[in-house]
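Peer 1: One letter stands for each residue in the lines below.
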Amino acid sequence: MIFDEKTLRKLHRLTLVATQVRAGMIKGERRSTKRGTSVEFADYRDYAPGDDLRRLDWNVYARLERPFIKLMEEEEDLAVHLLVDGSRSMDWGAGELNKLSFALRLAGALGSIGLSAGDRLSAAFLQAPGEAAARAATVYGPSRGPAALTRYLEYLQAQRAGGITDLNRSLRDYSLGGRRAGLAFLISDLFAPGGYEEGCRRLQGRGYEMAIIHVLSPDEIDPPLAGDLRLVDVETGETQEVSLDGGLRDLYRQRVEAWQAEIETYCRKHNIRYLPVRTDTPWERVILQDMRKASIVR
Amino acid sequence: MNLLTPLSLLFGLLAVPIVVMYMLKLRRKEVEVSSSLLWQMVLRDRQANAPWQRLRRNLLLFLQLTILALVVVGLARPAIPTPSVAAGAVIVLIDGSASMNATDAAPTRFEAAVAAARRLVEAMTPDSQMTVIVAGTRPQVLASAESERAALGEALSSARADQGPADWQAAFALASGAAAGGTAGQDATIVIISDGGLPDEGLPPLPGEVRYVPVGETGENLAISALAVRAAGSGAELFARVDNYGGAAIPAILSFYADETLIRSQEIDVPPGESESIVLPGLPGGEAVYRASLEAAGGRDEPLDAFGLDDHAFTVYQPAGDRRVLLITAAEGGNIFLEQVLAAMPGVTPYRAVRGADGSVTIPEDPFDVYIFDGETPAELPEGDLLLINPGDNPLFAASGVFTDTGGIRVVDSPITRFAELADMQVRQAKRVDLPDWGAALVEAEGGVLLFAGETGGRRVAVMPFDLHDSDLPLLYAFPVLMANLMEYLAPAQAFEAGAGLQPGDPLVIRPDPAVREVAVAAPDQQVYSAAPGEQGVLFSDTGILGLYAVNYISAETQWAEYFAVNLFNPGESDIEPAAEVKVGRAAIAPGTEDRLGQREFWPWLALAGLIVLVIEWLVYHRRQTIGGLVERLARRGAER
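These protein sequence lines are chains A and B, in that order. If you're matching positions, the first sequence starts at 772 in my numbering and goes up one per residue. If you're matching positions, the second sequence starts at -9 in my numbering and goes up one per residue.
Keep in mind the hints are simulated off the structure, nothing from the lab. One thing to keep in mind: the hints can contain errors.
As the list claims (entries may be wrong) - Now the in silico label distances, taken between C-beta atoms and shown as ranges:
1. 1025/A / 69/B: 51 to 57 angstroms
2. 1017/A / 7/B: 25 to 31 angstroms
3. 1024/A / 3/B: 42 to 48 angstroms
4. 1024/A / 7/B: 35 to 41 angstroms
5. 1/B / 1017/A: 48 to 54 angstroms
6. 3/B / 1037/A: 56 to 62 angstroms
7. 4/B / 1037/A: 40 to 46 angstroms
8. 52/B / 1024/A: 25 to 31 angstroms
For every residue, glycine included, the Cβ atom is placed at its ideal position computed from N, Cα and C.
Kindly produce the complete structure, drawing on both the sequences and the hints.
Peer 2: As structure tokens, this is what we get:
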């Protein structure tokens, strides 16, 4: 989980693209009436190289000898929420192909980008309530600045998958958490019997802008199975009897494609960015190329 | 088809556990997956194609059951019985005797036998050779050590049955020769295809393995077993006998024809195994051809029995024609004994040579049938048959001295001495004759021959080397009988002797009148055989067909015909009951039992079929697309377009 220096530097150059929502400007209600003239001071943030020096609060600098940038309301920093699916099904795949590791890496990368850009980072490890209670805090942040990265990465590393996914509920619970809405990344395999649509709607309803990173391992896309089998769901324990032959495998592959197509259609309709990734893809490529292509990073 | 090891079919019970296994839930391997969500989706999609799935599973079950069935049937060793023959030299003896013409095996027993022989040809291994012999009246080799099936087929097509008894001795000799001539070291197999009409005794053993293939089914047969016409009083009398060789009564109608005119028709019902004799008296005394025919009581269209060759018979009645006999006697007043007996003989017109004034006798130029020289023998003997009584020197034989020891008379049975009681004859003295090569002694005494006869120089000669006055012969009852026999011998009423009819294959010597230039014999099948008579006459041997033969004599000025009949008066052939076994040498050969017949097994074909089905099953199980999957892809592709 340790990112090497070179990668971290690369990450820093990326900035998160947030096209729509800024803090305070939520669709529909509470539209700010302020039109540029009386700009209210909202918050400080650490100075990062490249920031506009006119925004530097010299008084604070003088007092504290540390540069801080004044943020106006409309310039309030982006809240980035990294929601990682923590259900049992995520702990699938061997070694580098493990979905959870991959997801946490992605979450780490995204978090690193956000922290570098001065964004306000929150993260949550979505699990069933029972599981959550048994674990350490599954919500992280909000935190800001590169200094928080280490703690963030530690948080990520401490997460363990378990329990049954109920994405809708987890997302709903998160949306009700009273946080500042922002850009929410859902990193999940979307193996949720109840679906995910309702949860996404809730989040969006709260003003979140959503991106779904759909993580699957190669053997979930093209299972290396054959013969007469009883499939046991590691998450739910349900069994399914199949007699696998070439034909059925083809059907499965086609089903996966169709499923992802369905998700993509839904996401497009609801302004959710969608990126399907495979765990056998190098994660840098996911961040540096695939996400750029999907306009999630710039 | 039959199964050689039918118990192996019990292996078919293995089908039960196979089916049970398919019906029970299959043991499935448990495999963990991250989520069964997608699998459930897939299987829901697939529900629409459930029939294909079931079909596929049933297809595998069906294929496996098929393989099991093929293996089980193969283990049971199914086989088609073929009269297969051991490889090597095969000799087929087909019975060609008259009884093989019976129609109880369609179309005839002989055809059935040929068909059996054809089956043997079919079952031949490529390195075998077959010899085909038809055992008829004169056995024939149709094919010799032949391995080409086509040639054997042609040979069999040319086989024909005869109408007479088979010469099994000759046929066996041919078979032995063929067996011995085969490839060294190979045991020959001899197959006799017959209705079993082989003689019980007397046949030599055959080398190699002998098999008997029987043909024929029934023994029911009604036959005319005798037909003859003889002179009776001033006319003639017909005698016929009908035998029932079968085990059931066969009511029939017996009809008699004289020169093809119906003279008598009566119902006849001979009990099985018995015979009935019929006599028709009061027939006219002239020449006629008589025919007797048996028909079914139901009418002409119905067959009487399965064997028709013995349902007809012919006999030719030829009363003795007038024979011109010239008597040249040395005695002054003639020989009253000879003259009287000749005058009283029917069918003989005697003439006496007249002595000239100088005492010499001039033999008339006209031909006579018989010249009787009594006591005197001319230097030049005339053409014609001769009776020499008390002859002098003559070119035909030598005589030296006389003998008086005339006791102990021995009479040799012959047509000349038949019915003549000569044993008590007394002869005072007789000339001692050197019996010539051509002569056969017929009456012998201790001192020498008293009567001999034979053929020489194209004529028949009979010699009594004693003076009739020196014996009591003219006073015996035997004298006219002997004289009649001598006349019959020397000048037969017919040019040939076929009074009682011939058996098929019997040869006939025809001694026509010297004036005859050509003899043409017409057989019942319209074949004509002609020849110019030689010194011994004409030897006619093509008497294989049953029926009436016409002998046409053609001379310079005229032609006339005589007739003879060939009949099958042969109980051995008329008894058509098929034999259960035949005797060859000392062994009795019974027809092959089932396991002695060859069996052509075809389990290798079943094994091959099973292998093919196994490959199909493997393909079905392992191929990447099932029928259902293929259909889906095609449908989807179609939808995309």
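Peer 1: Hint by hint, note whether the structure agrees.
Peer 2: Results of checking the hints against the structure:
For the pair residue 1025/A and residue 69/B, the supplied restraint of 51 to 57 angstroms holds, since their beta-carbon distance comes to about 54 angstroms. Between residue 1017/A and residue 7/B, the C-beta spacing of about 28 angstroms keeps the proposed range 25 to 31 angstroms intact. At about 43 angstroms, the CB distance of residue 1024/A to residue 3/B agrees with the hint of 42 to 48 angstroms. The supplied range of 35 to 41 angstroms is met by residue 1024/A and residue 7/B, whose beta-carbon atoms lie about 37 angstroms from each other.
For residue 1/B and residue 1017/A, the Cβ-Cβ distance of about 34 angstroms falls outside the hinted range of 48 to 54 angstroms, so the restraint is violated. Taken as a hint, the range 56 to 62 angstroms holds for the pair residue 3/B and residue 1037/A, whose Cβ atoms sit roughly 59 angstroms apart. In this structure the hint that residue 4/B and residue 1037/A lie 40 to 46 angstroms apart at CB is violated, the actual value being about 56 angstroms. Our hint of 25 to 31 angstroms for residue 52/B and residue 1024/A holds, since their Cβ atoms are close to 30 angstroms apart.
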